[in-house]
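**Student:** Spelled out from the first residue to the last, the chains are:
Number of protein chains: 2
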Amino acid sequence: MAASAGIQRTIYTGPFVHSISLTELEICENGAIGVDENGLIAFVEKDLDLRAVQERHSWQDATPVQAKGNAFFFPGFIDTHTHAPQHPNTGLFGKTTLLDWLQTYTFPMESSFTDIKRAETIYRNFVSRTLSHGTTTAAYYATIHVPATNLLADICLARGQRALVGRVCMNSDLSPDYYRDASVSQSVADSKASIDYIRSIDPKGSIVRPIVTPRFAPSCTAECLSEIGKLANDEDAFIQTHISENKGEIALVKELFPDSQSYTDVYDTHNLLTPKTILAHAIHLSKEERKIILARGSSLSHCPCSNTAITSGCAPIRDLLNEGHTIGLGTDVSGGFHPSILENVRHAIWTSRHLALQSTLGDKAKLSTEEALYLATRGGAAVVGLADRVGGFDVGKEFDAQLIDLGNVQDGGLNDGMFDAGPVDVFGWESWPEKIEKWVYAGDDRNTTAVWVRGRMVHRTTRYATHQVNGTATP
Amino acid sequence: MAASAGIQRTIYTGPFVHSISLTELEICENGAIGVDENGLIAFVEKDLDLRAVQERHSWQDATPVQAKGNAFFFPGFIDTHTHAPQHPNTGLFGKTTLLDWLQTYTFPMESSFTDIKRAETIYRNFVSRTLSHGTTTAAYYATIHVPATNLLADICLARGQRALVGRVCMNSDLSPDYYRDASVSQSVADSKASIDYIRSIDPKGSIVRPIVTPRFAPSCTAECLSEIGKLANDEDAFIQTHISENKGEIALVKELFPDSQSYTDVYDTHNLLTPKTILAHAIHLSKEERKIILARGSSLSHCPCSNTAITSGCAPIRDLLNEGHTIGLGTDVSGGFHPSILENVRHAIWTSRHLALQSTLGDKAKLSTEEALYLATRGGAAVVGLADRVGGFDVGKEFDAQLIDLGNVQDGGLNDGMFDAGPVDVFGWESWPEKIEKWVYAGDDRNTTAVWVRGRMVHRTTRYATHQVNGTATP
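Line order of the protein sequences matches chains S and Z. Sequence positions in the first sequence follow my numbering and run 1 to 475. Sequence positions in the second sequence follow my numbering and run 1 to 475.
Hints may be right or wrong, so weigh each one.
Chain copies aren't distinguished; within one or between two, either way the pair holds.
As the list claims (entries may be wrong) - Below 30 Å or equal to it, Euclidean Cα-Cα: the simulated BS3-like pairs (lysine-lysine) are:
| no. | residue 1 | residue 2 |
| --- | --- | --- |
| 1 | Lys-230 | Lys-287 |
| 2 | Lys-117 | Lys-68 |
| 3 | Lys-68 | Lys-276 |
| 4 | Lys-230 | Lys-46 |
Source of the hints: derived by calculation from the structure; they are not laboratory data.
Start from the sequences and build out the full structure, keeping to the hints where you can.
**Tutor:** Here it is in C-alpha cells:
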C-alpha cells in the first residue's frame, strides 16, 4: 500500500529548474538528482556526468532517466484549492457570479454524488487530469457525502497523488434542502467519519490526509462553525474554507453574522483560523483582517482563473506577499475554468497586470514569472504543510517532479502541421531562461511528459519513452 | 495553382454551430452542409438524414464527412492582427512594455529575416501552427524585407490559408539603424514590389492579398505616411497599422506629430483611414477619435492577450460595439502570447470582466460567449473585407470551417490518464450549449481535428480519421 514501495534508486540527469527564493529561479543545465528507494532526494549534483555521479555516490546500480533535448525537470505543482466534484462543470458559468453560480451549477452537480458510480467516474477522471497537468499535490473539496469523499481519498492514494481530502460541511439554509447536512451533529459526525477513514488508509499521511472543510461562512450556522472548529482542534487537522471572494458574499456574511467585526472575524471567533488553515480567494480583505490572518499563521490560496471567470475581483497578491502572507495557487475548479496550475501561473501574472493597470501602484503590483512559479511550488507546499518535504529539488526532500519537454522546430519548418509535442515551438537558438519562459507562457499538459510523486511515476505520455536510457525499464 | 482545384462535392453532416448575429449562436444538432467543386456552400439543411439530403439535391455522388459523437463544425477563425516573424518570440516579454519590448525583442528578431532560409523555417512553422488552431484567415505583418514577405505569401497560398500579407514600412529613427527603410522612396518602392508580387501569384486575391502596412505612426515620418497613404489609394489596397495601444506611445505620437489633433488624426490627415483600414488595439481612444474612425468606415482589431501581457490596457469593446464599430480579434503574436484565436476569445471575455470590475459600467462592460465568438468569425470577416464570403455557414459563402471534436470520458473514468483527445472532458449528460461552452473555455488545438478553407482541407490531426465515412478518401 505504501506509495513508495518498489521504487528503484534513480538518477535524473539533465537540466532542472526550481525556485530557490520568491524572486529567484535556479536553472541548472547539467544536473543530476539522486532519488533513493524511499523517494527521497539523496543528492543533487551540478556539472558532473552520469558516470562521475554514479561513482561519487556509489550508485552504479541506479536507473538513469535523462531529460534530453529541450527537456527539463521541474517540481510538481501544488493546487491549494479545488473542488473535485465540480470537474464536469469546468467551463460552465455563463453570466453568473458567485451566489447564483452556486445555485445554478454547483449544488445540483455536487448533490449527485450520492451515486457512487458517478462519483468514481468523475473522481478518477479528475485525478488523472490533474496529474497530467503536473499537479502532484492537491487540496480537494469533495461533497457532503462520506462514501464519495472516502472514495476520492482511495483514488488519490491508489494513483499516488498527494492530497488533502475534505468532506464539505454545510448546514445552513443557503444550501438547498436537497443538498445540505441535516444537523450540526451530522456535520460533525460525518466529518469525523471521513477523517477516521482517511487516516485508516494512510496512517502516516504520507500521501492522503483529511482536511476539515466548512464550505464558507454563509453555508454554516454559528453553532456548526464552532463545532467544526472544535473538531479540527481535537483532530489536529488541516482546515479549508473560502473568504472574501465576492462583494455580495461579504454583504451576506455581514447580514448573517451581525455581531462579527468582519468576515475574517467570523472564522476567528469560531477557532477556525489556525496555522493549518487554508483560506481561498482573500480578494477584498481589509488591512485589519489581513493582520488577524497573519497573526494566526493561516495561509491563502490565490485562484486567479476563478476570480476572473466569475468576476470576483483581483486579489492584491504582491501586497499580501509584502506583508508576509503564505500564499499558493489554486485552480478552484469549476469557478476556475482550467484544472492546470500552469494556467493559473499565467493568470496570476495577468491578474497582477490588471491591478497594475487600474491602481496607482503601477508596476509594483506586478508579479514576475519567478514569483508566480514560486507560488505554484514552494508557496503551495507551505500552504499545505509540506514546506519541508516538497516544492524544490533539495537534498532530503521527497522527489515530486515533472519532466517538461518542449517541441523542436525542424529546419524548413516542415512537420506536416502536426504538433503532438505540444504548443511550444523551440527553434534552437533560445537560451534556457527563454525556453522556460516559453513553457510558462505557452505550454500545456502535452509538455508534461512524465510526473513523479515521492519518486513513483504517476503519469506519463507516450513521448516519455524518448527520455529513457537504453535498456532501462520505466520505474 | 487555384486552391480550389480538385475538390470533390462534399456533404458535411452532423452538428454545426455558427453566429447568426452578434448575440446569437445557432446550434443545429442535425445539419448537412453541401459544398460544391468550387468550395462554395450550395445548401444548408437541418434535420434531414444524409440520404434525403443527397436525393433532394441530386448529390448522390458527393463525399460525406460526418461529425460524429461530440463533434461539430464551426466556422474558421479569423485573425485580424498578427506578426508572423515574431512567432519565435512567443511567450518572451519579461518585464517590458510596448516601446522597450520593440527594441529588446522585436526589432532584433525581425531584422534577421534577411536570411531567407530562416524566414522559411519560421513562416512555414507559423502558418502550420495557426492553421492547427483553426485560423483560416490571417492579416499578417511580415518584415521590411521584400523576398521574405513574398515567401510568406507563397507559403499561405501553398498551404491554402487566406491571408493579407503586408511588407512593413518603417523609416523613422525610432527603429534601429540596422532595421529600417533607407528612405521614403524605398518604403514606397519595396511596398509596391511586394504588392505586385502577391497580386501576380493570386491575381483574383482568392487566397492571398497584399496589405499596405505602415508599422505605426512613430515608425514613419510624415512624408512616409503620406506616400504610403497615396500608394494604398492608387493600389486600392487594404491598410493595417497600430493605434492607441499604450500611454507612452500616445505621448510619443503627440511629441512627434505636434500639429495633429490626436493619434487618429495623424492617420486621417495622411489618408490612411479608409473602409479598408484595420487598426489594431484602439485601447485609449477618445470619443472624438472613435467618431472619426466610424465616419471613415475603418475597422478595429481587438488583441486582448497582447494587451494584458504587455500591460497595455483593456479596450472597451462593448462600448465600441454599441457605437457601431466593426471589430475582429487579433492574436498579435508576439505581444500576444498565443497564436490561437480561441485563446483570444477567452481573453476578450476576461478583459471585459476586468473592465466590469473596475468601471462603473459593471455588467454592461461584459462580453458574452456569443459575442466573443462573433468577433472571432463574422466580426473578423468584416474587418478583412470578407463579410460576404466567410464567417458563417450561409448558402453562397465559401466553406471555411473547422471540425471540433471533444473527448469522451469513459464510464469509470479510466483512460490510463492519457488525454490525446484534448483538454475537454464530456461526460455524456451535457446539452449542446454546454458542450460548446466547454470547448470555448477549456478547448485547444487538439479539439481542432480538421480545417478547411474554401472547401479544401488544409489541416487535420490523426483523430480526423474517425469522422470519415467508410470507403471515402480524405478530400
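**Student:** Taking the hints in turn, state whether each one holds.
**Tutor:** Each hint tested on the structure:
no.	hint	result
1	Lys-230 <-> Lys-287	within (27 Å within a copy, 59 Å between copies)
2	Lys-117 <-> Lys-68	between (41 Å within a copy, 26 Å between copies)
3	Lys-68 <-> Lys-276	neither (40 Å within a copy, 49 Å between copies)
4	Lys-230 <-> Lys-46	neither (49 Å within a copy, 61 Å between copies)
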